[in-house]
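Student: Chain by chain, the residues:
Number of protein chains: 2
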Amino acid sequence: MILGSNSSLPAYGRHHTSQILNIGGLSLLIDCGDGTQYQLLKYKVKTSKVDHIFISHLHGDHYLGLMGILFSQQLTGRKNKLTIYGQRGLDEIITTHLKYSGATFNYKINFIELNPEQQTVIFENNEVEIQSFPLTHRIPCCGFLFKEKTKERKIIGEKIPRDFPIENFQKLKNGEDILDERGKILFKNEELTSPPNKSASYAYCSDTGFDETLIEKINMVDLLYHEATFLKEKKKWARQTFHSTTEDAAIIAKQAKVGKLLIGHFSARYNDVQPFIDECRDVFPKTLPAVEGEEYIVR
Amino acid sequence: MILGSNSSLPAYGRHHTSQILNIGGLSLLIDCGDGTQYQLLKYKVKTSKVDHIFISHLHGDHYLGLMGILFSQQLTGRKNKLTIYGQRGLDEIITTHLKYSGATFNYKINFIELNPEQQTVIFENNEVEIQSFPLTHRIPCCGFLFKEKTKERKIIGEKIPRDFPIENFQKLKNGEDILDERGKILFKNEELTSPPNKSASYAYCSDTGFDETLIEKINMVDLLYHEATFLKEKKKWARQTFHSTTEDAAIIAKQAKVGKLLIGHFSARYNDVQPFIDECRDVFPKTLPAVEGEEYIVR
Numbered sequence: 000m001i002l003g004s005n006s007s008l009p010a011y012g013r014h015h016t017s018q019i020l021n022i023g024g025l026s027l028l029i030d031c032g033d034g035t036q037y038q039l040l041k042y043k044v045k046t047s048k049v050d051h052i053f054i055s056h057l058h059g060d061h062y063l064g065l066m067g068i069l070f071s072q073q074l075t076g077r078k079n080k081l082t083i084y085g086q087r088g089l090d091e092i093i094t095t096h097l098k099y100s101g102a103t104f105n106y107k108i109n110f111i112e113l114n115p116e117q118q119t120v121i122f123e124n125n126e127v128e129i130q131s132f133p134l135t136h137r138i139p140c141c142g143f144l145f146k147e148k149t150k151e152r153k154i155i156g157e158k159i160p161r162d163f164p165i166e167n168f169q170k171l172k173n174g175e176d177i178l179d180e181r182g183k184i185l186f187k188n189e190e191l192t193s194p195p196n197k198s199a200s201y202a203y204c205s206d207t208g209f210d211e212t213l214i215e216k217i218n219m220v221d222l223l224y225h226e227a228t229f230l231k232e233k234k235k236w237a238r239q240t241f242h243s244t245t246e247d248a249a250i251i252a253k254q255a256k257v258g259k260l261l262i263g264h265f266s267a268r269y270n271d272v273q274p275f276i277d278e279c280r281d282v283f284p285k286t287l288p289a290v291e292g293e294e295y296i297v298r
Numbered sequence: 000m001i002l003g004s005n006s007s008l009p010a011y012g013r014h015h016t017s018q019i020l021n022i023g024g025l026s027l028l029i030d031c032g033d034g035t036q037y038q039l040l041k042y043k044v045k046t047s048k049v050d051h052i053f054i055s056h057l058h059g060d061h062y063l064g065l066m067g068i069l070f071s072q073q074l075t076g077r078k079n080k081l082t083i084y085g086q087r088g089l090d091e092i093i094t095t096h097l098k099y100s101g102a103t104f105n106y107k108i109n110f111i112e113l114n115p116e117q118q119t120v121i122f123e124n125n126e127v128e129i130q131s132f133p134l135t136h137r138i139p140c141c142g143f144l145f146k147e148k149t150k151e152r153k154i155i156g157e158k159i160p161r162d163f164p165i166e167n168f169q170k171l172k173n174g175e176d177i178l179d180e181r182g183k184i185l186f187k188n189e190e191l192t193s194p195p196n197k198s199a200s201y202a203y204c205s206d207t208g209f210d211e212t213l214i215e216k217i218n219m220v221d222l223l224y225h226e227a228t229f230l231k232e233k234k235k236w237a238r239q240t241f242h243s244t245t246e247d248a249a250i251i252a253k254q255a256k257v258g259k260l261l262i263g264h265f266s267a268r269y270n271d272v273q274p275f276i277d278e279c280r281d282v283f284p285k286t287l288p289a290v291e292g293e294e295y296i297v298r
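Those protein sequence lines, which keep their order, are chains A and B.
Position one of the first sequence corresponds to residue 0 (numbering that gives the first Met the number 0), numbered consecutively onward.
Position one of the second sequence corresponds to residue 0 (numbering that gives the first Met the number 0), numbered consecutively onward.
These aren't lab readings, by the way, just hints derived from the structure by calculation.
All figures in this text were calculated on a predicted structure; none of them were measured in a lab.
Among the hints, a few may not be true.
Copies of the same chain look alike in the list, so a pair counts if it works inside one copy or between any two.
Simulated pairs of lysine-lysine, DSSO-like, Cα-Cα distance not exceeding 30 angstroms [what the hints assert, rightly or not]: (1) K80 to K183; (2) K41 to K158; (3) K233 to K41; (4) K158 to K259; (5) K98 to K197; (6) K80 to K98; (7) K98 to K233; (8) K216 to K285; (9) K43 to K233; (10) K235 to K172; (11) K172 to K146; (12) K235 to K41; (13) K253 to K158; (14) K233 to K78; (15) K216 to K253; (16) K234 to K78; (17) K148 to K256; (18) K234 to K98; (19) K234 to K80; (20) K98 to K235.
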């Protein structure tokens, strides 16, 4: 769900960047500009279920809402550990606020410092892998790649013989054939199973200049969020400020053969977002605009 | 104008504490919780005209919106100096944010550290005097007293003789009689002037437990803003958290003989504000609730 879709100055009812991603049973908060707690309330997001917050970089429009969320979580009785992924310095910022607030939290904050130089796995469980990767911005900045792991093959119930040993089910789900003691194939896996559900993948490129090295990092993701701060007429200004135009975002999406492109981080100079969509679709037809309060299906 | 009227958890459309006060030609921002820049936009306040920001204390609901305002002021081309009055540590918080943002400001920030122990004049010009004074809270916390200075007497045009020397006008405005060379009264001041317009005074008590020492500090102000976080049934809880009940606020207003009482900082446990008004009016009839977007005349 999109909580904020605008760039550094809020305008036309659009807020600073923030998103909620639901994947593999997890609810993840990605970036949180000033006042994000109000957007979470407005869209009835259960912040208590968010155990991981990803902050791409330390420009105010991407993280200034974090402290408000941390204080509110304390006030609403949070006990669960909260893991925050951010650039070097975010821990110092949090600590400095806490030092003068007199507050102590009844929940643990686990801070993971991002590596802004290199693609890195930052979280993994049985269902999901999350990576950070460098973006091209004025200060250290990371994108994030969220991937469901390859799922288990689906057993076709009616093809399973009546006396089939139960301990072999996991092997089938794992894609293995069933062998006898001498290693001879008793059942070929593909006769008893069908392919797994497709795993979904989402890439988030918050603030970045045009950067072709992104193509391999986000190759063939189902949904790519890529900033498009400016229309293509402002290409020169985009280069100077390490931001992207519509065309930049669409070229990256096209070359990386992604499923769909979601654009946001619109500059406050534009009221109407339609020209952004039009310009992107000229290059990459499957483009959608980030609209606050809207939910997008990744796959 | 009230920008936020709720306490630490936003609720029922009510935001964190923030106010704009217009006095003596100045536009002053008093406290600014998370996301205050959105409230300033919503109510069309010209933030560029605000040259003084007063932060009562370092609990998040009173200052977390400050950095967003500072960054937005830079982005919208501010050049004027901005003076920020706050508790020890606020400068360190600002500096820590700036250190990692890579930002430099094209305007000067002048930080004035408040004295949380003693009533102190913190600003003065020809028209206004502003004082801070200690409140009773869990961490160092100040209230603010804004007073228009005594205004000049008004000259009654038709009573001024035709050949009256122009250099004597200021003496009349100052309340002086006009004397001849030997010191004899030529014109009695009160015959040529009428009394000045009344000077307005506003006191702001953001977060405080019941504190009778406030009475002399805010004695007879035209308008007193006093927090009333809880209804009187929660008196015990108010005492524990160094907050006030409706009754506490109304007793202070009554004993200080203020003109009107404005209450706010309502706890998120209450949806309806009417019982707050009713309970205060039982003690002090001239009570108004802080309603976001509403403007109140101080005098």
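Student: Determine for every hint whether it applies to the structure shown.
Tutor: A quick look at each hint next to the structure:
For a Cα distance limit of 30 angstroms, the shortest separation of K80 from K183 qualifies neither inside one copy, at 49 angstroms, nor across copies, at 83 angstroms. Taking the shortest alpha-carbon separations for K41 and K158, neither the intra-copy value of 49 angstroms nor the inter-copy value of 63 angstroms comes in at or below 30 angstroms. In the homo-oligomer, the alpha carbons of K233 and K41 lie at most 30 angstroms apart only across protomers (28 angstroms), although the nearest pairing inside one protomer, at 33 angstroms, exceeds that limit. Proximity of K158 to K259 under the C-alpha cut-off of 30 angstroms is found in neither arrangement, the shortest distances being 37 angstroms within a copy and 82 angstroms between copies.
For the homomeric pair K98 and K197, neither the shortest alpha-carbon distance inside one copy (47 angstroms) nor that between copies (44 angstroms) is at most 30 angstroms. In the homo-oligomer, the alpha carbons of K80 and K98 lie at most 30 angstroms apart both inside one protomer (20 angstroms) and across protomers (28 angstroms), since each shortest distance falls under that limit. With identical chains, the CA atoms of K98 and K233 are at most 30 angstroms apart between copies only, with a shortest distance of 29 angstroms across copies and 43 angstroms within one. Taking CA atoms no more than 30 angstroms apart as the test, K216 paired with K285 passes inside one copy only; the shortest distance there is 20 angstroms, against 65 angstroms between copies.
Taking CA atoms no more than 30 angstroms apart as the test, K43 paired with K233 passes between copies only; the shortest distance there is 28 angstroms, against 36 angstroms inside one copy. Within a single copy, K235 and K172 get their C-alpha atoms no closer than 53 angstroms, and across copies no closer than 60 angstroms, so neither meets the 30 angstroms cut-off. Proximity of K172 to K146 under the C-alpha cut-off of 30 angstroms is restricted to the intra-copy arrangement: shortest distance 20 angstroms within a copy versus 77 angstroms between copies. Taking the shortest alpha-carbon separations for K235 and K41, neither the intra-copy value of 37 angstroms nor the inter-copy value of 32 angstroms comes in at or below 30 angstroms.
Taking the shortest alpha-carbon separations for K253 and K158, neither the intra-copy value of 42 angstroms nor the inter-copy value of 84 angstroms comes in at or below 30 angstroms. For the homomeric pair K233 and K78, the shortest alpha-carbon distance between copies (25 angstroms) is at most 30 angstroms, but the shortest distance inside one copy (47 angstroms) is not. In the homo-oligomer, the alpha carbons of K216 and K253 lie at most 30 angstroms apart inside one protomer (14 angstroms), although the nearest pairing across protomers, at 67 angstroms, exceeds that limit. Proximity of K234 to K78 under the C-alpha cut-off of 30 angstroms is restricted to the inter-copy arrangement: shortest distance 27 angstroms between copies versus 47 angstroms within a copy.
Only within a single protomer do K148 and K256 lie at most 30 angstroms apart by alpha-carbon distance; the minimum there is 20 angstroms, versus 69 angstroms between protomers. In this assembly of identical chains, the alpha carbons of K234 and K98 lie at most 30 angstroms apart only when taken from different copies (29 angstroms versus 43 angstroms within one copy). Taking the closest pair of Cα atoms, K234 and K80 never come within 30 angstroms of each other, the shortest separation being 43 angstroms inside a single copy and 33 angstroms across copies. In this homomeric assembly, K98 and K235 come within 30 angstroms of each other (Cα to Cα) only across copies, at 27 angstroms, whereas the closest approach inside a single copy is 43 angstroms.
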